Each structure stands twice: as structure tokens, then as C-alpha cells.
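Build out the structure end to end from the sequences listed, making use of the hints.
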Amino acid sequence: MIYREHLTIETRGRGTHEITGQVQQVVGRSGVDRGLCLLFIHHTSASLIVCENADPTVRHDLERFAARLVPDGDPSFHHDSEGPDDMPAHIRSILTMTSLSIPIENGRCDLGTWQGVFLWEHRTSPHRRRISVTVTGADDAS
Amino acid sequence: MIYREHLTIETRGRGTHEITGQVQQVVGRSGVDRGLCLLFIHHTSASLIVCENADPTVRHDLERFAARLVPDGDPSFHHDSEGPDDMPAHIRSILTMTSLSIPIENGRCDLGTWQGVFLWEHRTSPHRRRISVTVTGADDAS
Amino acid sequence: MIYREHLTIETRGRGTHEITGQVQQVVGRSGVDRGLCLLFIHHTSASLIVCENADPTVRHDLERFAARLVPDGDPSFHHDSEGPDDMPAHIRSILTMTSLSIPIENGRCDLGTWQGVFLWEHRTSPHRRRISVTVTGADDAS
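Keeping their order, the protein sequence lines are chains F, W and G.
Residues in the first sequence are numbered from 0 upward in steps of one, following numbering that gives the first Met the number 0.
Residues in the second sequence are numbered from 0 upward in steps of one, following numbering that gives the first Met the number 0.
Residues in the third sequence are numbered from 0 upward in steps of one, following numbering that gives the first Met the number 0.
Read the hints as simulated data drawn from the structure, not as lab findings.
In this text the structure is predicted, and so the values were computed from the model without any measurement.
Each hint should be verified, as a subset may be incorrect.
What the hints assert, rightly or not - Far from chain W, some chain F residues (derived; all Cβ distances over 12 Å): (1) G12; (2) E17; (3) T19; (4) Q23; (5) N52; (6) H59; (7) E62; (8) A66; (9) D79; (10) A88; (11) R107; (12) L110; (13) T112; (14) W113; (15) T135; (16) A137.
To be verified - Label-pair restraints from in silico Cβ distances: (17) W:Q21 x F:R129: 19 to 29 Å; (18) G:G30 x F:G82: 49 to 59 Å; (19) W:G30 x F:P55: 38 to 48 Å; (20) G:T112 x W:Q21: 14 to 24 Å; (21) W:T19 x G:P125: 39 to 49 Å; (22) G:S75 x F:G72: 12 to 22 Å; (23) W:R63 x F:A66: 32 to 42 Å; (24) F:P55 x G:G82: 29 to 39 Å; (25) F:P55 x W:Q21: 16 to 26 Å.
Glycine is no exception: its CB is placed at the ideal position from the N, C-alpha and C atoms.
Spelled out as C-alpha cells, the structure:
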């Protein structure tokens, strides 16, 4: 069986946005006990990551690292029609994940103790982002 | 149900090669209306990316970024039996995607407006590349 | 059908650890002839990669590249409660893969000639790591 919902996330500009709780809720509503949860983000300037979710400093350090690795306004980038963060947002997306699959056990995504699922907004201005959450597997009764 | 086809792509050397249309055709032939499309590339020196597909400048900038991040002929690389682009091709592949899953809705990969699926050839010479396209889900009649 | 096993890998500290054989054994035990094998690592400081498996120099070069890209003890990292390799381990994980899907043909993961599946330990000290291997598809008799 295939169960699917879409998440709409209003970001506040560049930064990480945890979606673990919302994904777990979709899995709960699917009725699937054992299976897989597949996420897909429908954008090329925002992406998915699994990151340590206990200490927010981790995401601040990650943001600083990405800004250094792919600098906004780098003169070697010719694609800047939407601003100095336009091309860096595409590159940051390509270096991280567009899709992610997570095992489901006992009706929940079986994440490690410190794993959180995050949408990573790479544009500096707020955007509305869409994520597909697809659940497949066997339900409780089967 | 599982439907599978293989794509064979003859690349012209380093650069991106859009495969969105070919993937959509496989999904069409599968008869699956709602499900998942899973791509896998059978190589370690070419990879998969989802990238902005409207402005080719994006892929040129991306190529320039990758060449700067992982320079051909870097003296710290000892694995160079196939040339100065040998080890950089492996690293570029590892930093991007070997597999990708895309949701299918209404008999098509449900990609965002600006999303294209690309094979990224990392070797400077032309190569023949193989990609598996696996489609799972429910067909029209179910 | 869904078949799942968990691999427990005792790493010897930073470096790559090939798991191709163990994954193929799980697929064999599943009885699935044609389908998909989905891997997920339950950590944020170790990750999955598909890498050239013939010449060990490739993984040494890769390790050297990662150490240069994300230096241990970088003073811009504030999250260092577990040591100078703490934050680099998170970043290296995010730049590689948390999940991976591989096609199954004739009862085996259909990997390219030179493709190996590796757990990449990013912490300098040994750790016990857990990976889920989920197999879906049609069995021999169907």
C-alpha cells in the first residue's frame, strides 16, 4: 500500500527547520506498522538533511561551514538573477539530499537517538516549501 | 508491482546530461499511476543530481565550483592511474547522489517546476553510463 | 513483502568499512529475486557511501580530501564537546549519504563492477554503528 501526504513549510529564510515531528505524524496517520517512509523535496534551493538534533550549535556551525564553502556573491558565479544567494542555494542543495528513505518500525520512523530530519532553506529570504512524504509497508492488521 | 528499465547514456565527457524526459517515459510505460520512481547509477565516477533546469548557466557555475573544490591533478591524490581527473571523479560522485527516489502522481514523476534530473559525468572523456529506473506502486486500474 | 535485518558494525575509528558482502547476504536470506534494497544508517557522525572498491588508495585519498575540506579542531566550530572531530563528523555525514537504495536483480544487489558499499566512520575513536537493511520485492516463486 502507498500512503502519501504533502508538508508545506513556510521558512524564515536561510537555516534549518526540523520536520521530524510532522513526518512521524504522517507515518502515524498512514497506519503502517513496518515499512518505509520516503521524503522528497520539490525544490532546487532547499534540501533535506539528517542532523544531530540535541545541540542547536551544530546547525549554527553547519551554516557557517556552508557559507564558507559556497560564498554568497562569489564572482565566479554567473547565475545571480535572484541575488548573491541564488547560485549558492543550488550548490548547497546538490551537496545535500533531495530524497531520503527512513525505515518504519512499530508505526514510527526508526531514527537514531540523536537524529532529526530537517529541511534546510538555502535562500536568505522566506520561502514556502513543499515536501512529499510517502509511506509504504504493511499495516497493523496484516 | 515492480517495473524496471535501464537507461544507457553516452556522455560527451565532463558535464551534466538531462535525463528527466527519459525517466518520465519509463514511468509512463510502467502504467503506474501513483507510486515511486527509484534511480540508481552503476558507476563511481558519474552521479545523479536534481538541479535547476531552466538556465544552463547554473550547470556551468556548478561545474566551475566542483573543479575548484576538487582540483584535477591535485598532488595530494595518489590514485591517478586513469589520469588527473580519476580521483576527482570519485570524490565528486561521493559528494552527490548514487540513488534518488521521486514520488509519482498521475502517472508522472512529481517534480518541482524547476527540477530536472541529471546524470553528472565527472570524467573528462566520453563514457557509456548505465542507470536503473525502478517503478513501484499502484496502476491505473487498481 | 518487506524483509529487514540490522547490521551492527564495530568500527576501528575514522575510515571506511566495506559492507557489500554483508548486504548481499541479507538480500540472499530475504528470498527476493527482483526488487530493492534500502539502507539507512542510524547515526549523525557516520555515513554511507558507494565507492570504487578495487584500489584502497581511493579511500585514502578520499580521507585526506575530507580532512582538508572539514578540518578537525577548526576554530570556527563551537560544537566540540566530544573533541576536535565532533563537528567535522556531523558535516562529513551531511555531505555524504544517510540512506541509499540499490536495485536487486537475480537475488543480488545489482552493483556496478567497481562499486562497493561502505560505512564511513567519521569519529577518530572506535564506535558501534547500526544500519538497517530493508528488502522489498517479489520472491523467486512469484
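Tested hints:
For F:G12, the requirement that its beta carbon stay farther than 12 Å from each beta carbon of chain W is met, with the minimum near 19 Å. For F:E17, the non-interface assignment is confirmed: its Cβ lies about 21 Å from the closest Cβ of chain W, beyond the 12 Å cut-off. The beta carbon of F:T19 is kept farther than 12 Å from every beta carbon of chain W, the shortest such distance being approximately 19 Å. Taking the minimum C-beta to C-beta distance to chain W, about 19 Å, the non-interface status of F:Q23 holds against the 12 Å cut.
Once the 12 Å rule is applied to beta carbons, F:N52 is consistent with being away from chain W; the minimum gap is 23 Å. Every beta carbon of chain W lies more than 12 Å from that of F:H59, the smallest distance being close to 22 Å; the non-interface claim holds. The non-interface label for F:E62 is consistent with chain W: the shortest C-beta to C-beta separation is roughly 18 Å, beyond 12 Å. With a minimum CB-CB distance of about 14 Å to chain W, F:A66 clears the 12 Å threshold, and the non-interface call stands.
Remark: the non-interface label on F:D79 conflicts with the geometry, its nearest Cβ contact in chain W lying 9 Å away (cut-off 12 Å). With a closest Cβ-Cβ approach of about 9 Å to chain W, F:A88 is found to fall inside the 12 Å limit, against its non-interface label. At roughly 20 Å from the closest C-beta of chain W, the C-beta of F:R107 stays outside 12 Å, upholding its exclusion from the interface. The claim that F:L110 is not at the interface with chain W holds, since no C-beta of that chain comes within 12 Å of its own (minimum 18 Å).
Non-interface status of F:T112 relative to chain W is upheld: no Cβ of that chain comes within 12 Å, the nearest being about 25 Å off. Listed as a non-interface residue, F:W113 keeps its Cβ farther than 12 Å from every Cβ of chain W; the least gap is roughly 23 Å. With a least CB separation of 7 Å from chain W, F:T135 falls inside the 12 Å interface cut-off, contrary to its annotation. For F:A137, the shortest C-beta to C-beta distance to chain W comes to about 15 Å, beyond the 12 Å cut-off, and the non-interface label holds.
Look at W:Q21 against F:R129: about 25 Å separates their beta carbons, and that is inside 19 to 29 Å. Take G:G30 and F:G82: their Cβ atoms lie about 54 Å apart, and the range 49 to 59 Å holds. Between W:G30 and F:P55 the beta carbon distance is about 47 Å. The supplied range of 38 to 48 Å therefore holds. G:T112 and W:Q21 have their C-beta atoms about 23 Å apart, which keeps the hinted 14 to 24 Å range intact.
Our hint of 39 to 49 Å for W:T19 and G:P125 holds, since their Cβ atoms are close to 44 Å apart. Separated by about 19 Å at the C-beta atoms, G:S75 and F:G72 satisfy the suggested range of 12 to 22 Å. As the Cβ distance of W:R63 to F:A66 is approximately 19 Å, the hint placing it in 32 to 42 Å is violated. Against the hinted window of 29 to 39 Å, the Cβ-Cβ separation of F:P55 and G:G82 comes to about 19 Å, which falls outside the hint.
Checked against the hint of 16 to 26 Å, the pair F:P55 and W:Q21 fails, with Cβ atoms roughly 43 Å apart.
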